[in-house]
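There are 2 protein chains.
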Amino acid sequence: MAVGDAPLPAFFAIDGIRIGTANAGVKQTERADVTVFEIAEGSTCAGVFTRNAFCAAPVHIAKANLAATAPRYWLVNTGNANAGTGQAGFEAAQACIDALAEKTGVAADTILPFSTGVIGEPLPSAKIVASLDDALKGLGESRWADAGSAIMTTDTRPKGAIREISIAGKTVRICGLSKGAGMIKPNMATMLSYVGTDAGVSSELLQSMLNEANRLSFNRITIDGDTSTNDSAVIVATGRSGVDVDALTAEEQLQFQTVLTDIYTELAQLIVRDAEGANKFVAVEVSGAASESEAEMVAYTVAESPLVKTALYASDPNWGRILAAVGRAGVESLAVENVSIRINGVLIAEQGGRAASYTEEAGVEALTPADLLINIDLERGSDKATVWTSDLSHEYVTINAEYRT
Amino acid sequence: MAVGDAPLPAFFAIDGIRIGTANAGVKQTERADVTVFEIAEGSTCAGVFTRNAFCAAPVHIAKANLAATAPRYWLVNTGNANAGTGQAGFEAAQACIDALAEKTGVAADTILPFSTGVIGEPLPSAKIVASLDDALKGLGESRWADAGSAIMTTDTRPKGAIREISIAGKTVRICGLSKGAGMIKPNMATMLSYVGTDAGVSSELLQSMLNEANRLSFNRITIDGDTSTNDSAVIVATGRSGVDVDALTAEEQLQFQTVLTDIYTELAQLIVRDAEGANKFVAVEVSGAASESEAEMVAYTVAESPLVKTALYASDPNWGRILAAVGRAGVESLAVENVSIRINGVLIAEQGGRAASYTEEAGVEALTPADLLINIDLERGSDKATVWTSDLSHEYVTINAEYRT
Numbered sequence: 001m002a003v004g005d006a007p008l009p010a011f012f013a014i015d016g017i018r019i020g021t022a023n024a025g026v027k028q029t030e031r032a033d034v035t036v037f038e039i040a041e042g043s044t045c046a047g048v049f050t051r052n053a054f055c056a057a058p059v060h061i062a063k064a065n066l067a068a069t070a071p072r073y074w075l076v077n078t079g080n081a082n083a084g085t086g087q088a089g090f091e092a093a094q095a096c097i098d099a100l101a102e103k104t105g106v107a108a109d110t111i112l113p114f115s116t117g118v119i120g121e122p123l124p125s126a127k128i129v130a131s132l133d134d135a136l137k138g139l140g141e142s143r144w145a146d147a148g149s150a151i152m153t154t155d156t157r158p159k160g161a162i163r164e165i166s167i168a169g170k171t172v173r174i175c176g177l178s179k180g181a182g183m184i185k186p187n188m189a190t191m192l193s194y195v196g197t198d199a200g201v202s203s204e205l206l207q208s209m210l211n212e213a214n215r216l217s218f219n220r221i222t223i224d225g226d227t228s229t230n231d232s233a234v235i236v237a238t239g240r241s242g243v244d245v246d247a248l249t250a251e252e253q254l255q256f257q258t259v260l261t262d263i264y265t266e267l268a269q270l271i272v273r274d275a276e277g278a279n280k281f282v283a284v285e286v287s288g289a290a291s292e293s294e295a296e297m298v299a300y301t302v303a304e305s306p307l308v309k310t311a312l313y314a315s316d317p318n319w320g321r322i323l324a325a326v327g328r329a330g331v332e333s334l335a336v337e338n339v340s341i342r343i344n345g346v347l348i349a350e351q352g353g354r355a356a357s358y359t360e361e362a363g364v365e366a367l368t369p370a371d372l373l374i375n376i377d378l379e380r381g382s383d384k385a386t387v388w389t390s391d392l393s394h395e396y397v398t399i400n401a402e403y404r405t
Numbered sequence: 001m002a003v004g005d006a007p008l009p010a011f012f013a014i015d016g017i018r019i020g021t022a023n024a025g026v027k028q029t030e031r032a033d034v035t036v037f038e039i040a041e042g043s044t045c046a047g048v049f050t051r052n053a054f055c056a057a058p059v060h061i062a063k064a065n066l067a068a069t070a071p072r073y074w075l076v077n078t079g080n081a082n083a084g085t086g087q088a089g090f091e092a093a094q095a096c097i098d099a100l101a102e103k104t105g106v107a108a109d110t111i112l113p114f115s116t117g118v119i120g121e122p123l124p125s126a127k128i129v130a131s132l133d134d135a136l137k138g139l140g141e142s143r144w145a146d147a148g149s150a151i152m153t154t155d156t157r158p159k160g161a162i163r164e165i166s167i168a169g170k171t172v173r174i175c176g177l178s179k180g181a182g183m184i185k186p187n188m189a190t191m192l193s194y195v196g197t198d199a200g201v202s203s204e205l206l207q208s209m210l211n212e213a214n215r216l217s218f219n220r221i222t223i224d225g226d227t228s229t230n231d232s233a234v235i236v237a238t239g240r241s242g243v244d245v246d247a248l249t250a251e252e253q254l255q256f257q258t259v260l261t262d263i264y265t266e267l268a269q270l271i272v273r274d275a276e277g278a279n280k281f282v283a284v285e286v287s288g289a290a291s292e293s294e295a296e297m298v299a300y301t302v303a304e305s306p307l308v309k310t311a312l313y314a315s316d317p318n319w320g321r322i323l324a325a326v327g328r329a330g331v332e333s334l335a336v337e338n339v340s341i342r343i344n345g346v347l348i349a350e351q352g353g354r355a356a357s358y359t360e361e362a363g364v365e366a367l368t369p370a371d372l373l374i375n376i377d378l379e380r381g382s383d384k385a386t387v388w389t390s391d392l393s394h395e396y397v398t399i400n401a402e403y404r405t
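Residue numbers (UniProt numbering), protein chains in the order written: chain A, 1 to 405; chain B, 1 to 405.
Don't read these hints as lab results, they were simulated from the structure.
These numbers come from a predicted model, not from an experiment.
Every residue, glycine too, gets a C-beta built ideally from N, C-alpha and C.
Treat each hint with caution, since some may be false.
As the list claims (entries may be wrong) - No more than 20 Å apart at the CA atoms, straight line, and that leaves these computed lysine to any residue pairs for SDA-like:
1) A:K127 x A:Q94
2) A:K384 x A:A370
3) B:K27 x A:D316
4) A:K27 x B:E360
5) B:K63 x A:L373
6) A:K103 x A:A145
7) A:K27 x B:D316
8) B:K137 x B:G25
9) A:K103 x A:A67
10) A:K63 x B:S333
Claimed, not checked - Here chain B is said to cover these stretches of chain A; the calculated rule only asks that three of the stretch's residues, wherever they fall, bring their Cβ under 8 Å from a Cβ of chain B:
11) 51–59
12) 197–206
13) 308–319
14) 339–352
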């Protein structure tokens, strides 16, 4: 189940990044489950990681190595999250990157490990180590699409986005991948994202640009309110385009930031469109809020309400459930008589009740498309925020009840 | 779908309270949907109500009338929540209590109205008014069981509890009813509760005792994290037993409070056992917390995690999802290596990972019963809290996707 079609884009090569994949048989043996990103010397990296207190061993190691070095490899496995695995988990992750370091001649702390899959099972590091020769043998610049498939878990399809822009008279390219289809919620999700660009950016500026892009993309999606122990989004800037973002004008830097936010938003939305059991792609836009955080709070409360989500699944214009969710979002002194709600442009609620102009037929029609925009206007300020989510379906329960068995 | 059997108890009469029901055909015509509780003069009442900003018209009126008068009647309808109905909703609720006041000779503001059912549809007050003669004709002291059925919406069975205790050498009786099977979450749920006792309690003391009982019962259950616009729990004390609780010793008062908390806990748990689509009744007990609110926060995060709830539905000992939920609960400086998790006594996780003694077989066996106790020990203090919840099943989605159609 997934909303609409979302074919992979025609990835281009990013000069300075090579990708290889292999089938290590971590959990299944039908497709590649190990991915190696090789990063040219002189590149810069930045990353954002889960805030879950039970963050997985590879996340600890990736954060430490990113802080200490200029990374030369990203090593990703699916099928096993290496989370909740204690000291043995650290040793298993280290064994994988030690082996890759030995085979490639780089220092082990220049390798960032990533794992995704089932929590709490010992990572079969020997299988991953044994697959590395295969992955390295296949390294190539044009393998973004292969990597998109190799990083999937319960995803029904690979997810990628590309951008090509002209800045300061030169062409800058960005390729991005994401994976994730559940346990999705800001700060962040069971999601991984790998982005590469041939722009040159200092690691400090790259980190700050990634933070901003992430805030408005991966941190604005929610599928089931759960956050994972493994979420990581990393970006590498190789500088091979000859564009030095740090040296650009403020306006040109903003242009680059906008494109970055844009590609991250696309990668984030692709996850929601492939949400476990999703039939609807839902944007919840709260406007007229007294602050952006207030708008976010209301948007999340609506986007995570099981009653709202089951109604959306049924294409049922049960706007009362939306109102009830707004009402419990914790907005101080909310004047309910000012709140209005639109779905795909149809005014369904105003003045704290059903809109005078509303008809059941119009409501049903508004809910028919797979893409829904719910706008909630609080009319108490000028701030707004949008959160993207999916419906809650029988398939969601099936997928999550049967994941391990 | 409901967990186990829960037959109604053998209600006794509460001297000073008479109950009548009628079929007004608010939404369906198969069974009674209007209930009248007649309260003898000299009784005291207390109530707790939803904190949802979109609280329904009858809630506003009930709160105001309770604050201003000594209530003589409670009037309940199911099939329509009279919520999100604007000014017309107030007028419809008032029309119902005005009619009852005229028929019974009491002042309209001594009547507390309650409505439950679909949100946002106009309340058919004329139908309710037309049913009042029937309800009044049938008034009797032994009709608690009838009322238990007449207040149901998506409930699969009526819910009631009784207590009989000896205090200060006299017998005190308590009868209680509750309804609710979804949209359940503290502060509070789509739940209604009506309790009567023949103890005598001043309205101030009754309110404070109800608050305490409610805090540990209805405010400790969660099914889907949603709160309703209509939740109300009211209690009446008729004093006909001759026991004056205000005049009791501190120890005797505590005895009465304990019984009250106990009957409310039973009424709350009955709602969870009848949760929409529930196959499991789950107590999430968090101990070793630095504060009660910290324990509550962790218990709720686990109890409301869709991933945990779908795993419980599948009887899947996916303890990693429980760990992940604990990890995102927002506990400051959580030492994950101290956290241990038991399910029905089986140690499944310790030191932030799978317990050394754990076997998959033991985990599956622990999850087999319909009644589950998940204990999470944070080992950072001495406070604890228990929250009761249910699993998340296909039936939940079916019920909530089809509720209106």
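Here's how the hints hold up against the structure:
no.: 1; hint: A:K127 x A:Q94; verdict: holds, 14 Å
no.: 2; hint: A:K384 x A:A370; verdict: violated, 24 Å
no.: 3; hint: B:K27 x A:D316; verdict: holds, 18 Å
no.: 4; hint: A:K27 x B:E360; verdict: holds, 17 Å
no.: 5; hint: B:K63 x A:L373; verdict: violated, 36 Å
no.: 6; hint: A:K103 x A:A145; verdict: violated, 24 Å
no.: 7; hint: A:K27 x B:D316; verdict: holds, 18 Å
no.: 8; hint: B:K137 x B:G25; verdict: holds, 18 Å
no.: 9; hint: A:K103 x A:A67; verdict: violated, 23 Å
no.: 10; hint: A:K63 x B:S333; verdict: holds, 18 Å
no.: 11; hint: 51–59; verdict: holds (count 5)
no.: 12; hint: 197–206; verdict: violated (count 0)
no.: 13; hint: 308–319; verdict: holds (count 7)
no.: 14; hint: 339–352; verdict: holds (count 3)
When held up to the earlier numbered hints, the structure conflicts with 2, 5, 6, 9, 12 and fits the remainder.
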